[in-house]
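Here's the letter readout for the chains.
There are 2 protein chains.
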Amino acid sequence: MAGRLQFWFEFASTYSFLSAMRIEEAATARGITVEWQPFLLGPIFAAQGWTTSPFNLYPAKGRYMWRDMERLCISRGLQFHPPDPFPQNGLKAARLALVARDAGAAAAFVRSVYVSEFCLGQDISDSAVLAQCWAEAGLSPDLMTRATAPAIKTALFEQTAKAQALDLFGAPSFVAGGELFWGDDRLDEALNWAASI
Amino acid sequence: MAGRLQFWFEFASTYSFLSAMRIEEAATARGITVEWQPFLLGPIFAAQGWTTSPFNLYPAKGRYMWRDMERLCISRGLQFHPPDPFPQNGLKAARLALVARDAGAAAAFVRSVYVSEFCLGQDISDSAVLAQCWAEAGLSPDLMTRATAPAIKTALFEQTAKAQALDLFGAPSFVAGGELFWGDDRLDEALNWAASI
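Residue numbers (the working numbering), protein chains in the order written: chain G, 766 to 962; chain F, 766 to 962.
There could be a bad hint or two in this list.
Each pair may be met inside one copy or between any two copies, as identical chains are not told apart.
Think about it this way: if two alpha-carbon atoms lie no more than 25 Å apart in a straight line, the pair counts; the simulated SDA-like pairs of lysine to any residue are [as the list claims (entries may be wrong)]:
1. K826 with A812
2. K826 with G935
3. K826 with G943
4. K826 with D932
5. K857 with D950
6. K918 with P824
7. K826 with Q929
8. K826 with P852
9. K918 with E901
10. K857 with I809
11. K927 with Y823
12. K927 with R832
13. K826 with N854
14. K826 with Q924
15. K826 with L921
16. K927 with R828
17. K918 with D932
18. K826 with A811
19. K927 with E800
20. K826 with G807
21. K918 with V799
22. K918 with A902
23. K857 with A900
The hints are simulated quantities; they were obtained by calculation from the structure and are not laboratory data.
For reference, chain G alone in the conformation it holds in the complex (with noise of 0.2 Å):
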């Protein structure tokens, strides 16, 4: 039986872009199907007291943080073109996934959101750039108001209290068989995890 990868994401993550952009092509080559699992990383950072991202907490590590992202889109042919501001609210997007997913459009989706974000600069919370994701996802223009229905409000607060009970800190997480794995650094691990199983 072919393994399965829960792969957490955050629309705000830097890092979650990088993931997102290779996970697809690199699970298919292992035969492991992704489970794309948008969730906010704002009530976890909350419950922690922290009111925004930890790299404008910790300027060092946000300038690490720039420099070393600029290094791996480097290496790996992204463009890139950091947001203004940073992080952007990605509720939007979020519920947005939700509703992509159950249409089985949440790759090209969530690819096409992370691209405008992190690669073009564009800001994710207006909903002109939305719709130009929604559509170069192949999705129907009139599935997009699904995404303020209550239900689909509350499939995405049930998600983050599900991330929450999975011990999430932090994304892009990985988890399979019970094992977590943090960051865009790990998903190769992951992905031989969520294959041995």
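Put chain F on the given structure of chain G with help from the hints.
Leaving out everything else, chain F in the frame of chain G:
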């Protein structure tokens, strides 16, 4: 000309242990010289309001780190025995590392301390443990007393000030040609960078 790579390590740091165990061999294979740079994270953490390791301050991150270390040690064939208490007080060990470096035995002594701390779970603030590490590194017992000389105390203070000037915020960190790389996960990238300049 062969490149040089600064290896900034803190004895309390779990991931510094992982890098210390493999950096010399990996660097030698690329013709790179390792500069062993002990420093203390305490003052750097204190400057941002932290009174202990972030792995203690943020329990979910701490739980993850211990499991991650277990998995990595298994994959690298390293015995793993977390020290108690964590973090260990590495002040004496860091001063001794400077003396050992002057004597040309930094790598051997530093690895011996890390093995005592993280493979055997010993207390590295214990002078008897450090004397054992000193002997294992082939260093003369009478050299040990130099670690309490004012010049060495000053030298360690200056190491930590230099780390802050380099914008370091954690360990292990690697510096080559003005580029900073953070974390055992970036050792290969740091070596590649050092080899390219």
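**Q.** Intra- versus inter-subunit Cα pairing at 25 Å for K826 with A811
**A.** Both ways: K826 and A811 sit 19 Å apart in one copy and 15 Å across, limit 25 Å.
Q: Could you place K918 and D932 in one of the four classes (within, between, both, neither) given a Cα distance threshold of 25 Å?
A: Result: close within a single copy only, 22 Å intra versus 41 Å inter.
Q. 25 Å Cα cut-off: does K918 pair with E901 within a copy, between copies, both or neither?
A. So K918 and E901 pass the 25 Å test inside one copy only (23 Å; across, 61 Å).
**Q.** 25 Å Cα threshold - placement of G935 relative to K826
**A.** The answer is both: 15 Å in one copy and 9 Å across copies each meet 25 Å.
Q: Measure nothing new, just compare the shortest in-copy and cross-copy C-alpha distances for K857 and I809 to 25 Å and report within, between, both or neither.
A: Result: close within a single copy only, 18 Å intra versus 38 Å inter.
Q: Indicate which option fits the pair K918, A902 if close means a Cα-Cα distance not exceeding 25 Å: within, between, both or neither.
A: within (21 Å within a copy, 61 Å between copies)
Q) Are the CA atoms of K927 and E800 at most 25 Å apart within a copy, between copies, both, or neither? A) within (14 Å within a copy, 45 Å between copies)
Q: Please work out whether the CA atoms of K927 and R832 approach to 25 Å or closer within one copy, between two copies, in both situations, or in neither?
A: between (32 Å within a copy, 20 Å between copies)
Q) Given a CA cutoff of 25 Å, do K918 and V799 count as a within-copy pair, a between-copy pair, both, or neither? A) Within. Shortest intra-copy distance 23 Å satisfies the 25 Å Cα cut-off; inter-copy 53 Å does not.
Q: Please work out whether the CA atoms of K826 and A812 approach to 25 Å or closer within one copy, between two copies, in both situations, or in neither?
A: both (21 Å within a copy, 13 Å between copies)
Q.
With identical chains, the pair K918 and P824 could be close in the same copy or across copies; at 25 Å between alpha carbons, which is it: within, between, both, or neither?
A. Result: close neither inside a copy nor across copies, 33 Å intra and 29 Å inter.
Q: Since the copies are identical, ignore which copy is meant and state whether K927 and Y823 lie within 25 Å (CA to CA) inside a copy, between copies, both or neither.
A: Classified as between: cross-chain Cα gap 19 Å, same-chain 27 Å, threshold 25 Å.
The structure is inconsistent with the numbered hints 5, 6, although it conforms to all the rest.
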